[in-house]
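Model the full structure from these sequences, guided by the hints.
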Amino acid sequence: MAAFASGFRPKGGPAKVMSLEEIQSAFAMREKEERKFWDAPLTKATIAAELPFWLMVEPSEVELLVGDCPATATIHQGLVGYHEGGLCLNSNNNLIAVAYDGRLPRSEQARIDSVESVVKRLMKTTIEFDIEIHESVISAWGQRNSVLPADNSKVSLVNLAMQYMSSLAYAHLPFVNRLIYAYRSTSFDPFAFEVSEWDIANWYIETEESFCIVNLMPYKSLDSSPDVGVFGKSTRSRYLATTPGDVQAQALTELTPGKSQILDAKSLLVRGRFSEAIRSAVTAIEVSVEAKTRELLLSRGLQNEQLEAELAETKMDFFERLRRLQMLIGRRIPGPRVFWDWLNDDSDDPPLAPYLNGVQLTRELDAVRRIRHEIVHRGLGVSIFDRGPALRAIETMSWLFEWLEPNDPFGEDTENYAFYSTMRGQFPLEASFTKDGVCMREPKLDWENDVVFPKDSLIEQYRQSLEGDVPDVDVFAAMTLSALGVSYSDADPSSEQSRLAHEQLWAKIGKRDTLVFSLERGTRLDVNAVSRLIQRKRNAEISSGRRLQGLVFLENANSLIERDDFDEFFRENLLSLQLADITLVDANRVMGCILAMDKYGWDQQWIIKKLSQPGFSDCIPDVFSAIGSVKRPLPRHSAVSISLNEDSHFKSGDCLMFLVSNRFIEFTPPTIQVERTSVEQVDGPIDFGAEVPDGIPPIKSNWLAYTRRADVLPSDSSVAVPD
Numbered sequence: 003m004a005a006f007a008s009g010f011r012p013k014g015g016p017a018k019v020m021s022l023e024e025i026q027s028a029f030a031m032r033e034k035e036e037r038k039f040w041d042a043p044l045t046k047a048t049i050a051a052e053l054p055f056w057l058m059v060e061p062s063e064v065e066l067l068v069g070d071c072p073a074t075a076t077i078h079q080g081l082v083g084y085h086e087g088g089l090c091l092n093s094n095n096n097l098i099a100v101a102y103d104g105r106l107p108r109s110e111q112a113r114i115d116s117v118e119s120v121v122k123r124l125m126k127t128t129i130e131f132d133i134e135i136h137e138s139v140i141s142a143w144g145q146r147n148s149v150l151p152a153d154n155s156k157v158s159l160v161n162l163a164m165q166y167m168s169s170l171a172y173a174h175l176p177f178v179n180r181l182i183y184a185y186r187s188t189s190f191d192p193f194a195f196e197v198s199e200w201d202i203a204n205w206y207i208e209t210e211e212s213f214c215i216v217n218l219m220p221y222k223s224l225d226s227s228p229d230v231g232v233f234g235k236s237t238r239s240r241y242l243a244t245t246p247g248d249v250q251a252q253a254l255t256e257l258t259p260g261k262s263q264i265l266d267a268k269s270l271l272v273r274g275r276f277s278e279a280i281r282s283a284v285t286a287i288e289v290s291v292e293a294k295t296r297e298l299l300l301s302r303g304l305q306n307e308q309l310e311a312e313l314a315e316t317k318m319d320f321f322e323r324l325r326r327l328q329m330l331i332g333r334r335i336p337g338p339r340v341f342w343d344w345l346n347d348d349s350d351d352p353p354l355a356p357y358l359n360g361v362q363l364t365r366e367l368d369a370v371r372r373i374r375h376e377i378v379h380r381g382l383g384v385s386i387f388d389r390g391p392a393l394r395a396i397e398t399m400s401w402l403f404e405w406l407e408p409n410d411p412f413g414e415d416t417e418n419y420a421f422y423s424t425m426r427g428q429f430p431l432e433a434s435f436t437k438d439g440v441c442m443r444e445p446k447l448d449w450e451n452d453v454v455f456p457k458d459s460l461i462e463q464y465r466q467s468l469e470g471d472v473p474d475v476d477v478f479a480a481m482t483l484s485a486l487g488v489s490y491s492d493a494d495p496s497s498e499q500s501r502l503a504h505e506q507l508w509a510k511i512g513k514r515d516t517l518v519f520s521l522e523r524g525t526r527l528d529v530n531a532v533s534r535l536i537q538r539k540r541n542a543e544i545s546s547g548r549r550l551q552g553l554v555f556l557e558n559a560n561s562l563i564e565r566d567d568f569d570e571f572f573r574e575n576l577l578s579l580q581l582a583d584i585t586l587v588d589a590n591r592v593m594g595c596i597l598a599m600d601k602y603g604w605d606q607q608w609i610i611k612k613l614s615q616p617g618f619s620d621c622i623p624d625v626f627s628a629i630g631s632v633k634r635p636l637p638r639h640s641a642v643s644i645s646l647n648e649d650s651h652f653k654s655g656d657c658l659m660f661l662v663s664n665r666f667i668e669f670t671p672p673t674i675q676v677e678r679t680s681v682e683q684v685d686g687p688i689d690f691g692a693e694v695p696d697g698i699p700p701i702k703s704n705w706l707a708y709t710r711r712a713d714v715l716p717s718d719s720s721v722a723v724p725d
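Residue numbers (our numbering): 3 to 725.
The reader is advised that the hints may include incorrect statements.
The list that follows gives simulated cross-link-like pairs (lysine-lysine, BS3-like), each with its CA atoms no further than 25 Å apart [unchecked claim]:
hint	residue 1	residue 2
1	K446	K34
2	K46	K601
3	K222	K268
4	K633	K702
5	K446	K38
6	K261	K235
7	K126	K222
8	K156	K510
9	K34	K156
10	K446	K457
11	K294	K268
12	K156	K235
13	K122	K34
14	K601	K653
If you're looking for bench data, these hints aren't it; they were derived computationally from the structure.
Dropping the structure here:
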């Protein structure tokens, strides 16, 4: 998408909305043409870029090595650029030839002779590399001026060619910088510096017959202020990011402490200065935290000596300072940022950017500060190919700054943010660094392993919140409540460190305000733990002046209830929770219910009701009734034998549900049999066989069997939730 938003734009009118048949036809054609594109033979070429400074050294060749990948850089001095028309455009879009003055090769002289006029410009030091490039790239690039907007397949090929060339140029940046490092360390030239795609955004690729301009950054390819259009219309207008009035108002106002540093971080990120961007972002947070702390302490009447003493206490413990600031502000740093519609099945509006789901700003801050420490104290350099991690660091620190300064937002949800992203550009194709040099290879897409749809990624993240090597009960709780459509917010900050002594979330379950406790794996629910939960709920009721309920997510709570040594003492603890209107649920079982909502269409209200029942809740929806257990599986017959309990019934068309290890398996048997004879109904006690449809996971002996009430269908909201 970004390639079409910021890359090649054909002339001749606006694009149009395509029908489904046209899209399918275009994809089929595109697949054939891309196959031809990558099967095209390789041809020899050169790729070059002009530096923004001079290397004060004789023209020469320098052998370079990045990892095991070799390249030879040719240093040119005194080259001349020939620009078509009467101007030398900064973008080099009208550059048609580069050569030493008076020594034009025949092909370049022919290009110059084919235009009405040219302007010559003496260039700074230019670095050139020998490459091999697919002939199809040159061919597609040469057709860019004749492609019509409606010719989707050719538009795609031109975009692919431009992505190919820009990715190939980008891959040569490490070699350029290796050369610059070598020059600086021997010349001590202070005017030379490490370059990024911002510094040398305009490259050119030359073959014996062709000359192609390569732009690494859409913003740098423009020679006038950016413009935008409306889909389906041919008119375009200048893009305006702000108003003169807003600029004037800000010009007379001091910047919020830390804002200049966070703005620097964003600019440095765009310019490819990832290490500096991370340093600046962390500095912005530290400056803002100290300034905010000073402001709030002064507002509470502290004198300067007291204030400085307070700050001195946390000088070497930033997170303690941040914790105290949260208490002063009365707001907690937001917990996991979770998509409320992460189980969304709407293919027209799928969840976007699933990697942002579950982001916790406190953890992000800790991670980014550790990176900053490595950069500052150990000289860590963040590679130009690590733009993703660098972007995450700057974005999350910007969110944290917005939390610190809610009245001074950055507006990252505005159209400005989206527009700036398209102006930055990206490199969707990857170059290979081999022992034979840099080369471009066709991306091989494994649909089964490489393609992950947003919803599938989010479901896996949900599983990993409990089952992963580093469980995250906060992400689990937030994703669970979001999937149930339950509104929630972060709890107020607390000086309590224990999760038993203070809730993590406030939620609205049914019509009741609920304190949500997410307990970590291994928490012991002894009398002390239960007492602390109950006391916290009572304190919250006193301070809020209203009746509350409690909800406790505890991993593997079922194992505590179902263990052989379950004693009366523990039973009394559960009774205490019930009397205190606190619900204890097994987090793993709840996860099974949420996944059953997606897989089997279970209704949210079935689960919400179980989360509202005080005491221990097994979370098996009330619409299901236990009818027996699996006697034995019969895989050869695609069936399962079930021992039906006394007074239980099962008839043809009923739904079977099995529960094992907090997983639910549900299906409707096509047939039921007794002694190999099909029947319409069975009444317990009896053993009967149920046919298992294809695609059902293997069923094992002793699994508990349930059936859904005949009057309840999936997505039935008739199950009432208590007020």
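Status of the hints after comparison with the structure:
Note on K446 and K34: the hinted pairing holds, with a Cα-Cα distance of about 15 Å set against a maximum of 25 Å. Among the hinted pairs, K46 with K601 is inconsistent with the structure: their alpha-carbon atoms are about 54 Å apart, more than 25 Å. Restraint check for K222 and K268: satisfied, since their Cα atoms lie roughly 17 Å apart, inside the 25 Å limit. Of the pairs offered as hints, the one joining K633 and K702 holds, with about 8 Å between alpha carbons and a cut-off of 25 Å not exceeded.
With a CA separation close to 15 Å, the supplied pair K446 and K38 stays within the 25 Å bound. Simply put, K261 and K235 have alpha-carbon atoms about 38 Å apart, too far for the 25 Å limit, and the pair is violated. Straight-line distance between C-alpha atoms of K126 and K222 comes to about 18 Å, which keeps the hinted pair within the 25 Å bound. A threshold of 25 Å between alpha carbons decides the hint, and for K156 with K510 the separation of about 54 Å lies outside it, so the pair is violated.
Straight-line distance between C-alpha atoms of K34 and K156 comes to about 12 Å, which keeps the hinted pair within the 25 Å bound. A hinted pair counts as satisfied when its Cα atoms are at most 25 Å apart, and K446 with K457 qualifies at roughly 23 Å. For the hint linking K294 to K268, the alpha-carbon distance of about 22 Å falls within 25 Å, and the restraint holds. Restraint check for K156 and K235: satisfied, since their Cα atoms lie roughly 21 Å apart, inside the 25 Å limit.
For the suggested pair K122 and K34, the alpha carbons sit about 42 Å apart, so the restraint of at most 25 Å is broken. Proximity of K601 to K653 is assessed by CA-CA distance (about 23 Å); at most 25 Å being required, the pair is judged to hold.
Of the hints listed earlier, those the structure fails to meet are numbers 2, 6, 8 and 13, in rising order.
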